[in-house]
Structures are given as structure tokens and as C-alpha cells.
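Please build the complex by placing chain B on the supplied structure of chain A, with the hints as guidance.
Protein chains: 2
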Amino acid sequence: MTGERRPVAIVGLGKIALDQHVPVLSDSADFRLAATVDPNAAGIAGVEHFAALDEMLDARPDIRALSFCTPPQGRFDLARRALEAGRQVLLEKSPGASVAEVRALADLARDRGLVIFATWHSRFAHAVAEARHWLKDRKITGAEIIWKEDVRYWHPGQKWIWRAGGLGVFDPGINALSVLTEILPEPAFVAASELHFPESCETPIAARVQMRSVGGAAIGVELDWRHAGTPVWDVRVETDAGTLVLSDGGARLAIDGAVRSEGPDAEYAGVYARFAELLATGGQDMDDRPLMHVADAFLLGRRVVTAPFSD
Amino acid sequence: MTGERRPVAIVGLGKIALDQHVPVLSDSADFRLAATVDPNAAGIAGVEHFAALDEMLDARPDIRALSFCTPPQGRFDLARRALEAGRQVLLEKSPGASVAEVRALADLARDRGLVIFATWHSRFAHAVAEARHWLKDRKITGAEIIWKEDVRYWHPGQKWIWRAGGLGVFDPGINALSVLTEILPEPAFVAASELHFPESCETPIAARVQMRSVGGAAIGVELDWRHAGTPVWDVRVETDAGTLVLSDGGARLAIDGAVRSEGPDAEYAGVYARFAELLATGGQDMDDRPLMHVADAFLLGRRVVTAPFSD
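Residue numbers (this note's numbering), protein chains in the order written: chain A, 2 to 312; chain B, 2 to 312.
For reference, chain A alone in the conformation it holds in the complex (with noise of 0.2 Å):
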């Protein structure tokens, strides 16, 4: 490592923030967490805590990287903000609540030469880059995501996932979707899909989306927040040339059914990582893929009401 760490301040400190970027950014070569921004937080010992972003703004302006936190709806009020002050933004998924804003955050930033980057964390699982690579040159047939988790465990009381706008299910499930563009050799599009919204939510708890690559291959997502135990985070895609199956969110790659390549978690490191390069190189890298499969995913719904959920 060569010269100084670049001071980062994270805006939202909620459990993304306090369960994964906190931790990285102490443990960066590239980074050190300069200051929070939070209305709601006391923020963390030994760094500088601002109930509002202007008057970070105002107050650090050494600070030239943000890492923004706050749930979807909201965000973009902020990015602009922070955009039209002349910093770098790092945005965690979703990078909007709308995929328009996030197509007007990317004209801001390249309007203003600015670094934005819409990390979509899962691709920086660890077998993520090898299974695209894999893919690259190979003909899909067909797909499945399997994604199932248990949403008390994983979303406690996290009361904005289930108000319009919050994703419902698609919060993880856009994980999934984030992979699957990346990992795809040819574009695909949602076809229909089915939204279960339990009677007193504003957001699907389950879905089953029917997609098709632009060759024709048909892919199947399901998606369930109602799955109690050990979380399913599948990804199986079939070629014609064997069946390859992304497993635990993209850490562990089989080919046939033979393991190829597995390691530990360290997606936020990627992330981190990928910022610096940015930071250091320039440039946008603000793909709305996953978001938008998730709003043709909507427009296509057909709705099915279910049983009520409180957490």
C-alpha cells in the first residue's frame, strides 16, 4: 500500500452499515471511516457523527467519498446532494428506489465528471467472477434461482422492506438478479411473474418470476421470505456444455456437480475495492439491470394476497 488511506463517511448507520461497511473500512488498506451521518444513530466511538449530511458537507469537506446506506426510498435527495458538492458516491443496493433516479444519478455524476458506483454487493461473492467467466463462450439453455431466507431472522424489524417502495422479498431477491446479470452471456427479461403480498403489506414477502434470455432460454426465480432455517441462495445454470450451480450466494461454484471453487465471505472487501479502482480511475459504473428486472417484475405481476405478517 502506498500513501495515505482516503477518509470515507458513511451516511445511514443501520445494520448494513454497522454489520459489513464498518468493519471493512477498519480493516481497508485503501480507506479509513472519517465521519457518520445519521439522524437516528449515535454514532460509533472515536469518529465524527453528523445528524445531517449538509452539515458534513460543510463541516469535512477533506471528506471526498461517501458511502451511502439509507434505504432506497430517500436516497436520492441525498446522492444529489452530495453529487452537486462535488463528492464521490458510493451507493449500497439498491441504488434507488426508482430505476429513473438512477439512471438522472448517473447523468448527475458524469455530468460532473464525479466516481458513482452502484455496488451490488453479492456479485463480489467469491465464485461470482469465475462463473462469468465460465458462461462467457457457453449457450444457455436454461436457469433457476432459487433464493429463500427467513425474513425475521435476516430483516428484524426492519419496518421500510415492507412499505411501497421497500422491495418486499426482492431486497435479497435483487441479490439474486445482480448475480444473474452478471454472470449471463446474453440479456434476459422478465416474462411474468406472481407477487404474494401477505394482507397487511405494502411489499411481496414470496414471488415467482418467469424470465427468458433474448435466445429464448426460460429462467425461473423463486423467491420466499417464508423459509424457516439454513437460507437457499442458488443460482443453476444450464448449458450445452454441462450445468454450472452457484451456491451460498455466489461462495461456492460446482460444474456437473463437481466443486470448483469455494471461499469465505469477503463480497464488501470486493466492493471497497472496486470503489478505489474507481476512485482512482474515473468513471461510472451504475448498471440499473438488477433494479429494472425487478420493476418489470411488478409491471407483469399478477397479485396473490396471503396470510398476514407481523414481525
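Please note: incorrect hints may appear among the correct ones.
Identical copies look the same in the list; a pair holds intra-copy or inter-copy alike.
[Said to hold, decoys possible] Lysine to aspartate or glutamate pairs mimicking DMTMM-like chemistry, simulated, CA-CA at most 25 Å apart: (1) 149 to 278; (2) 16 to 266; (3) 137 to 39; (4) 16 to 239; (5) 160 to 195; (6) 140 to 203; (7) 140 to 112; (8) 16 to 187; (9) 137 to 49; (10) 140 to 85; (11) 149 to 286; (12) 160 to 263; (13) 16 to 312.
Hints are computed from structural coordinates only; laboratory data are not their basis. Values in this document were obtained by computation on a predicted structure and should not be read as measured data.
Same frame as chain A, but now just chain B:
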């Protein structure tokens, strides 16, 4: 006019084809209707008719330009086959059932050097270009879309509009969004929405959408299919230099209450003039923003169940 009229085939001989495309083509200086394709229609006197697209593509290699007037569900495969057969493509709105489909079709056409054109017919209403010109250098401070019509009068017996993917009240509402995106001098996005679904239907009969411009102006969108009598198809834009009102779906323009421009409906003549221009110059005109905003409105939509609807 110089040279021969270019032969064009209509695929999907439903209401919009018979009401608009067929009469405009019969009066066109650029095109002549050379074939029709529809498995469920008998065809038009004096015009060769095919039950299937592939038959027409094989039998009539002389027809290089195709107008797709089928419902958006199922549109992708037909348009893809036409592009793969080297044909130039016009797509009646909506250009696809999903945002990803539209993007994929644009890419397929671009890769093959073929013309593809998402028509958005309301953009060709008499006063839209003038509205766009007037707004170009002004600052938007607010806007409102009111789009209300009687679904029983305008869409009699059209079952597909009530099936998932059929867009419901966004089938006319997307016309308003196509005008808005054409005339606004800055990008906008959906911030929240409320969708009113009749108990018996998979698509909404009414919607209230809150949009915002990137600059922060509030844009209200009110869509309603339960409106008896004269339809209301108005877009009002407030600026720092007066209020613009486009009414009658874009036929009339008023500034601060004074009518500036008013003219007869010639939207589809404009659509085909633009298609002729694209065929002469090459290129793709595939703006996906109107559909993106609709998808975002579904993504962010709070659902309200209303009285059952039957046609």
C-alpha cells in the same frame, strides 16, 4: 413525392391498426399497405393476408418494413423474428411488455444495423413540438397531468388491458408520460404512487402518481378510467415564466390562458413521416422512458382495491 411508395405490413389487425394505421397508410405518400398478419382477423379487401408472421416473412421478401400493432404481451418474439429476418420495425406503443424487452430489441436492431422505432403517437399531436420548444429554456416549478376517460367507450371488450402486463389505465396514461418526457427540459422520476385495482382485475383502473423533476419540481399525475363523458387529456406545466397547458391530448397549446396553437389530429401521419425519415437515414428511435416510469409506478405503488369492473 419521388419514387415508389414503400411496401409495409401490419402485424396485429386490431382496433388501433384499423382505426389509425390502415387509413393513414392508404393516404401516405411514403408507404403503401402491402400485407397484413393476424391469426384471428380476416384481413382487408385487396391486401394480402397471412395468419402467421413467419409465412409473411417467407412469402414477401419485398416487404422490408413492418408495423407491429399487437398487444405488448407477446410483442418481443414477433419483433425479434422480424429483426432476425432483416426487417425494419415500427412498434405501436407500448414498444414491449417490459423495460428490459425494449432495451433488448433496441440492442438487437443496433447490432444488425436495422431501424427500430418506438412510436409514442401522442408525441406527434399538433402542439407537442411547440410546447417542447417553449419549455426548452425555462425553469420548471411544477406540473400536473390529468388523463381521464371512459374505458368502456375507448377500450370496449379489450380483455388484454386487464390482464397482468396489459397496463390498465397506464395504457392511455403512458401517452401522457410520453408527452411529458418529450416536453420537459429536465429528467423526472416517480417518487410515489397509488394504484387502484378493481377486485376482479390484474391491472389498475385508476392511479395517482407523484413524480419529481431532478430539479425538485413536483409533478402530479392523475389517471382515471372511470370518467364518464368528454375525456380530459391535459398536461399543465408551471414555469418561472408562465404556465403552459397542453390539452386535448396535445392538440391545443395555451400559455397563461391564451391559446397559442390548435390543430386537427394528425398523430399517425406524423408517426409514419418519422418512420420514413428513420428508414431514409437509418438508426434507432427507442425511447424507453415512458414505460420505465410506468414500471417505476408499479414498483413503488401502494395498492388500493376498488369496486369490481366488468365490461
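query = Which earlier hints turn out false for this structure, listed by number in ascending order?
reply = Checked against the structure, the hints that fail are numbers 1, 3, 4, 6, 8, 9, 11, 12, while the rest are satisfied.
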